[in-house]
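Asker: As they're listed, the protein sequences go chains E and H.
If you count the first sequence from 1, position 19 lands on 19 in this note's numbering, and the numbers rise without skipping.
If you count the second sequence from 1, position 334 lands on 334 in this note's numbering, and the numbers rise without skipping.
The set of hints was computed from the structure by calculation and includes no laboratory data.
Values in this document were obtained by computation on a predicted structure and should not be read as measured data.
Ideal Cβ placement from N, Cα and C applies to all residues, glycine included.
Wrong hints could be hidden among the right ones.
Said to hold, decoys possible - Just a sample of chain H residues kept apart from chain E, beta carbon distances all over 10 Å, derived:
id : residue
1  : 30
2  : 303
3  : 395
4  : 440
5  : 476
To be verified - Where chain E lies over chain H, by a calculated footprint (3+ residues, C-beta under 8 Å):
id : stretch
6  : 36-47
7  : 70-82
8  : 348-361
Spelled out, the chains give:
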Amino acid sequence: MKHLKAINKKAQRIEQHIAAAHGDIYALQQGGGSPAARPHYPVGCSIVFSPGWEVDSAGGTAGLCQPAERDLYDCYVTCYWPAQVPDHYNNYPDWTSKCASATKDWRNIDLVFP
Amino acid sequence: MTATVTPLSLGEFHEFRVESVDFLYLVPSGGIFAVSPAGRQAILLLREQPLAADELLAALIDRGYAKDDAEEAIRELFEARAIRDPRGHQDLPQEPVADFPLQSLVLNLTNQCNLSCQYCYEFGEDKVATPDGKPKFMSETVAKASVDHLLASSQGRRAIHITFFGGETLMNFPLLKWVVHYALGKAKEAGQYLDFSLTTNGTLLSPEIIDFLVEHSIGVTVSMDGPKEMHDALRVYANGKGSYDILAPKVKSLIQKHNTRPIAARVTLTQQVTSVKEIFHHLRNEFGFAEVGFAPVTAAPKRLYTIENNNMDRIFEQFKELAVEYRDWAIAGRMHGFSNVSDTLAELHAGINKSHPCGAGLGLVGVGPSGDIAPCHRFVDSDAHALGNVMEGGLDKGKQKEFLDKGHIGAKFDCHSCFARPLCAGGCHHEAFVRYGDTGHPNLHFCDWIRGWTDLCLNIYGEIAVKNPAFLDQFEQRKPLQ
Ligand code: SF4
Ligand code: SF4
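Make the full structure from the sequences, and use the hints.
Answerer: Below, the structure written as structure tokens:
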């Protein structure tokens, strides 16, 4: 910090705390983040080779490395991004309770009306 | 539609300025920062009136600060909570966890004393102890149970501590010896580091005792009130005879031989004994005490020895002179020995922010000859304040909680707007009980003194930080005292 210089130990901890909060979210292409905070991986479908809302080379969904229906779970359970499915964390914890296997049972998943 | 922008206002801090550097002592956290001119200007502007962030920015730019600089200053002050959204609530320290491990045990080896100091809190007019029908000397059985209690309740602590107290501690020296051997063995088994200290009036020291204290690195604090005529004013035997001549050669011999721990003197100031500087230099130079600490007597108002207001002011002036002497020594890299200053600096350096004024009933308990557990040595033998008994089930968690809830800073509304609360937290529970009949009452009769002292020590801390920061390194490891 430039305008506040930490003098005692508590001030140093406050400084570290603030610096850590800054390192939380930043643009990788701008070289952000302290070296201590690297390596830094984004979370979500793009890193775990889930198909995403994608198509295969033939324009369908049959040739994807995982069944396309799995995306329902990637978006519903693990993703922090507000996706096109109901959210598991707060409002619809039971949305997929009738769907034991996504590829077979996806028709059991109902619409929701927020 | 009109957008409403919340204006910024000042957070809670105490400002001080040393050697043209501006400092902020952030009260809710205990952090001490030096602030830049731009940051200081932002504070001055907000002190005049609350401003929205862009208004504040414009005002800073108006005063010649570059936009980037001004923005950064505002952001940093905001992040450190020196300025804030006025809707922010007040930050007070949280309750400590319920199973806070014990760190220190004070063993009152006896409630008997060979002196009859008139102001004594244990026997005097304001005593809280109710010793009738209880043993006068602690037995090995009770001492053993107490040590076992400490070990069982201090799990997770690497270092633990036992302090011997009285009455006059050395009237039960055989038990002291026994406890040292027993407890060291137990602590070794548990893999904990254990050290000892004791407080004594010095009159019963003998070569044998001194050797034992040296051999086991037992820290010693001697209660002494200064040169002969001051010391003998109130620290007397039952027949009224002063104790200075008896203890002086013994204490000198202790200080000469005891090279394993620094020896400290603890002075009680009363209406009769107020010459702080003279007492300090006598004890430091004539005796060679490493540290000398002072405390005003705890007493109800209007006792003969209770310090009256004009005298408190006089004492504060002397504290100040002595503290300034400490500062000059520190800047020159020398150890002064006025422990009231070093204790406060240690707490400021850590940036401590207390939920309770001291460790009493929390990390520290006192045990009396009967085995009753008290919040600290000063409450020992008092039925009204007992928190259980080491022989009968140990610490009573319910009573402990009640005591701690009362003493928590959150319950002391008078303190919520006070900048000295991170260190004071309302002050000594025992003092509060004697003055107000309630251990949880803030010690309002001392506020001016405490705030003056805190401000003084902040200034000294700031000046040392500017001129000789290496001096502060000694506080890195030092545990703030009780
Ligand atoms: S007792 Fe007085 S000095 Fe201490 S924190 Fe409370 S208001 Fe401040
Ligand atoms: S400050 Fe008061 S209550 Fe706390 S340990 Fe000391 S004497 Fe006991």
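Asker: What hints, given by number in increasing order, does this structure fail?
Answerer: Going through the list in order, the structure violates hints 1 and 5 and respects the others.
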